[in-house]
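Asks: Here the protein sequences come in this chain order: A and R.
This note's numbering numbers the first residue of the first sequence as 1 and each following residue consecutively.
This note's numbering numbers the first residue of the second sequence as 1 and each following residue consecutively.
Quick caveat, the hints were computed from the structure, so don't treat them as lab data.
The beta-carbon is built from N, C-alpha and C at its ideal position, and this holds for glycine as well.
Label-pair ranges, simulated between beta-carbon atoms:
#1 R:T186 <-> A:S369: 39 to 45 Å
#2 R:A307 <-> A:S369: 19 to 25 Å
#3 R:M1 <-> A:R337: 57 to 63 Å
#4 R:R344 <-> A:S369: 41 to 47 Å
#5 A:L231 <-> R:E8: 48 to 54 Å
#6 A:D10 <-> R:D214: 50 to 56 Å
#7 R:E415 <-> A:L231: 52 to 58 Å
Lysine-lysine pairs mimicking DSSO-like chemistry, simulated, CA-CA at most 30 Å apart:
#8 R:K251 <-> A:K417
#9 R:K251 <-> A:K159
#10 R:K137 <-> A:K296
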Amino acid sequence: MEHTILERKDCGLKAFCCETPQFKTARLSAHLVLPLTSPEVAAVRALVPNISVRATRAYPDYTAFGKRLAELYGATVQAGVSRIGDNQILTLAASGIANRYAFDGEDVQAALAEILESIVFAPLFDADGLFPEEGFLQEQRQLLETLDAEFNEKRIYAKNHCTELMFAGEPAGVPKTGTKAAIRAATRAGTKAAWEEITRNAAVCQFSIGDGATIQFAENFAVKLGARKTLSTESSLHPAPAQVRRVTEEMPLAQSKLVLGLQVGTTREQRLATKLMAAIFGGTPSSKLFLNVREKQSLCYYCSARHDTPKNVIFVESGVETSNLDRAEEAILTELRAIQDGNISEEEILHAKLALCNGYNAVADSAASIESWYLSCMLQDSMHTPEQDAEAVMRITKDEIVEAANHTVLDTVYKLKGVAKAE
Amino acid sequence: MNTVMTRESRLLGERYYCVKHPSGLSILIYPKEKMRSTYAVFGTRYGSIDKAFLRSDEAQAEVTPAGIAHFLEHKLFESEDGDAFSRYAKIGASANAYTSFETTRYLFSCTENAEQALEILLDFVQSPYFTEQTVEKEQGIIGQEIKMYDDDPQWRVLFNLLRALYHNHPIKDDIAGTVESIAQITPAYLYRCYNTFYNLNNMALCVSGNCDVDHVLALCDKMLKPSAPVQVKRVFEAEPDAIVQPIVEEKLAVASPIFEFGVKEAMGDVHRTEKDLAVTEVLLDIMASDSSPLFRRLLDASLINEASFSYEYFEGSGYGVVLFGGESSDPYAVCDAIREEMRRLKAMGVTEEDVRRSAKSLYGGNLAGLNSPEVIANAAMTMEFSGRELFRYIECFSEITAADVNARMEALFKEEQTAVSVIWPLQENA
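All chains, full assembly: derive it from the sequences and hints.
Replies: Below you can see the structure in the form of structure tokens.
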């Protein structure tokens, strides 16, 4: 996959461009990266992208802007808030069909570039120079409702709870959109100040991917950003726990959830060995957790492990019958001990390697995967291709895997325990 | 010798190939240049609604316990000498399967060893192996899966609605069945349903991405087992046009109320064409997309949010429902507004400008789907099983007129055939 990378230290911009007719669409995005500090700051910042994509100066009415996007063959403008490592990532993106498929001959991509630029650099303000009150109130309400929606999805709720418990006291422990109280306390003036802080200090990772994408957009972006100093986006590794944190919450549910947070003490250089170890442990349908805990012991419907690279931790998520919660925890840890003791077959290692390589080799087939891969590289300050990781992972030895496992310890146990409905 | 038919769209700049294989299997091959991944799906026209069926070589229809299609999906991965997942693992392919109301599909994606992966797919789906012991073990695993869905408010709100709309049609039954219905499943039932629905005349294979027509067909020639020319007819009890009840409510551990509003479509034996689908989607886009007056009114009144509000035309064999759903502090106010908008649109009609804008938007959305081999293969299979064609469907958005949409609205929007399902928070979550 041919691509161009532009790095402009003078303005804190890293940009990635991949022009390919392989896709019918093109997507332009800007990820604005800032360290997480407090729920209050996270909340006002999280409001900014959501308010910004509601309307533009050219289309100041929400419905009129929606109609304009529909006219552009259902183009989409997206706002997103996520956490990677210790950072809050505010994403603004515009995507739409490649010009060659526009049957009325419009320049869809030029229109989208203009829209995204205006959303990032010249959002709609009212006569007081603030985000319009109507949009602010709408987005404040909707951000609160997304927290309710997380509660409704118990798998996500349980994972988020374990994450916050495990990272308590670290930037990564701050909820990515702040707390309900912090969102409620946000003001229009505070949100405007957050926008100013973002444009002044956020590191910017910009992507142009698809049919018709050019590096020109990134170059224009750099000019708009101008000379500026951005905040560090380095994430610190999660420290070893003094003791295991355990929290159990009860709720009227048919199935309980068990989430284990594991701290890994390997170095950045051991990143791939750690990833491979996590894959053998619970990352694939041929992993120990899937085959032994789910299939052989029938202890849970799902049971999987995933490595969080920036914090170097592993989360194990499972859905378990309430009466099996303790047994499932023990069974999961037994599988970890097996890897620590070197009880891994060459076949297990090969299967996990092939599964990881399959994922790496498929990155180039999806614009979203390409973006996610290179965003991660930009944040780790380590540009490498998926193919390079695929080659490197095949060279990892059993000893390296066992060593990574022996640096892995239980850190946090969160149980969402199902109890009978009270009413 | 296979006869290959080419489907081509100049507008979309795409083409794929269709073959009716001598074994009876329909094969669709959609190469995507520059893609490294191969995605394949092997599916049968057998889903959760197929509890009762009539084979063309038998006189009597047969009724089976709910949940067999899904149970078979779990069990087919096993064989006497291991399971298909471990075979895929040896070559680095990623595999999965799923059961819907209408179909069961087995799939893989891989970036290497695609021919071996396809061989595994064609082999294990054609090699059933069930014993009393393996069936009993699966009853435990599927029981866990059913419990997981019991806690899923989105799932509950939809099925509660379907039970409020449908008296008899099995669309109202959970896809996995119930703990009680799966307890009745035996190896004999599984073999019986397998031999009926996994007849290749009732199946399709779609391969997309990095693939070659000749290689796929050569492998099919080698692997496909001849099937008797048996057709399977879906059997449903007569379904009244009227709904069962207008409101259904439940309380779960949710933080905010969730609703699903449905308009039940009166069904006949009518086959819905590509254009029928496209016209209905244009109608719903005009009515409820985020640039519609209804959406704006609901948003301004803080009755919906952008993240959760959704709408779709949900249709298949013997059923059709227009669904609107999401989170709302006042679900009944949302439903009143939707009914009012149905009345207003029927009175005013839609304009050519509305139709053109929505059609362009939907065309763009469908075109974007052609980026993904997974979307392509699954969309092509859905179209194949419903007697429609993928490119025809996407292209026909350019032909739709206001008259088409207004006529569809007249037939579809019947206020007396609406119902609403609401999940309220439990007291302690409110």
